[in-house]
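Listed in order, the protein sequences are those of chains A and B.
For the first sequence, the working numbering begins at 1 and goes up steadily by one.
For the second sequence, the working numbering begins at 1 and goes up steadily by one.
Please note that the accuracy of each hint is not assured.
As the list claims (entries may be wrong) - Derived DEER-like restraints, expressed as beta-carbon distance ranges:
#1 B:Ala16 / A:Ile12: 38 to 46 angstroms
#2 B:Ser30 / A:Phe39: 27 to 35 angstroms
#3 B:Gly85 / A:Val3: 17 to 25 angstroms
#4 B:Asn98 / A:Lys66: 23 to 31 angstroms
#5 A:Ala72 / B:Glu15: 43 to 51 angstroms
#6 A:Gly61 / B:Arg43: 18 to 26 angstroms
As the list claims (entries may be wrong) - Straight line, CA to CA, 20 angstroms or less: simulated EDC-like cross-link-like pairs of lysine to aspartate or glutamate:
#7 B:Lys73 / B:Glu29
#8 A:Lys104 / B:Asp31
#9 B:Lys73 / B:Asp26
#10 B:Lys55 / B:Glu29
#11 A:Lys64 / B:Asp101
#12 A:Lys41 / B:Asp86
Unchecked claim - On the chain B side, residues computed to face chain A include the following (Cβ under 10 angstroms):
#13 Gln39
#14 Arg43
#15 Met45
#16 Ile46
#17 Ile49
#18 Ala93
#19 Met102
If you're looking for bench data, these hints aren't it; they were derived computationally from the structure.
Each residue gets a CB set at the ideal place from its N, CA and C atoms; glycine is no exception.
Chain by chain, the residues run as shown.
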Amino acid sequence: GAVVSQHPSWVICKSGTSVKIECRSLDFQATTMFWYRQFPKQSLMLMATSNEGSKATYEQGVEKDKFLINHASLTLSTLTVTSAHPEDSSFYICSASRQGAVEKLFFGSGTQLSVL
Amino acid sequence: AQTVTQSQPEMSVQEAETVTLSCTYDTSESDYYLFWYKQPPSRQMILVIRQEAYKQQNATENRFSVNFQKAAKSFSLKISDSQLGDAAMYFCAYRSGNNNDMRFGAGTRLTVKP
Chain A
1 GAVVSQHPSW
11 VICKSGTSVK
21 IECRSLDFQA
31 TTMFWYRQFP
41 KQSLMLMATS
51 NEGSKATYEQ
61 GVEKDKFLIN
71 HASLTLSTLT
81 VTSAHPEDSS
91 FYICSASRQG
101 AVEKLFFGSG
111 TQLSVL
Chain B
1 AQTVTQSQPE
11 MSVQEAETVT
21 LSCTYDTSES
31 DYYLFWYKQP
41 PSRQMILVIR
51 QEAYKQQNAT
61 ENRFSVNFQK
71 AAKSFSLKIS
81 DSQLGDAAMY
91 FCAYRSGNNN
101 DMRFGAGTRL
111 TVKP
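Using the sequences and the hints given, assemble the complete structure.
In structure tokens form, the structure reads like this:
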């Protein structure tokens with residue numbers, strides 16, 4: 001089956017620093033990748049949608065200058081949390097849809113970000 | 001915008017019994033997909049079952065089946081012969097056929113009692 005690898009699985013950083021999270025589709029080409037944020041005991045909230053080679057589309061209320069998304073290839077999308085603050089601490093999950101099977105989404109294992 | 005509503009924050013079922021999780025959604029689109037995902041404590045999202053809106057037949061996957069009522073915009077999940085490993089958060093999700101956005105409900109935490 002299709003596999004999406006997300007790295008790192010957890011990261012702790014100091015306030016003010018930037019953190020990059022990678023999302024890779026290992027055995028398929030991902031036309032579209034999605035980034036979600038999940039607070040404890042809450043649902044997944046869509047942050048942004050990225051298509052390879054084009055700018056990401058951000059959901060209302062998500063700061064695009066703070067959450068930089070790059071989808072440079074059909075197998076890699078990155079989310080960079082810039083100048084992280086404690087309120088950015090959360091669980092971030094990426095997902096990808098495959099060419100020819102856009103109705104299916106494959107999820108990464110998530111990244112727990114803790115900002116001190 | 002599409003919304004997904006799960007009105008049951010928590011549900012409990014006895015092992016080997018059957019439980020139904022509710023989900024309703026709101027959309028004006030005709031082309032869409034509905035999903036149930038399971039999120040165990042590991043937090044890995046696991047696809048349980050998928051339903052295409054254009055299909056009238058309810059999807060089934062082994063012990064999991066759905067009751068898709070398109071006119072009522074209802075999409076409930078039935079778990080038969082519940083097992084301890086079924087305990088998890090269950091999210092109902094809607095995916096547009098136009099822009100591929102996937103929206104999730106608030107989730108239902110399912111507890112399975114031995």
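- prompt: In ascending order, which of the hints set out earlier in this document are inconsistent with the structure?
  reply: 17
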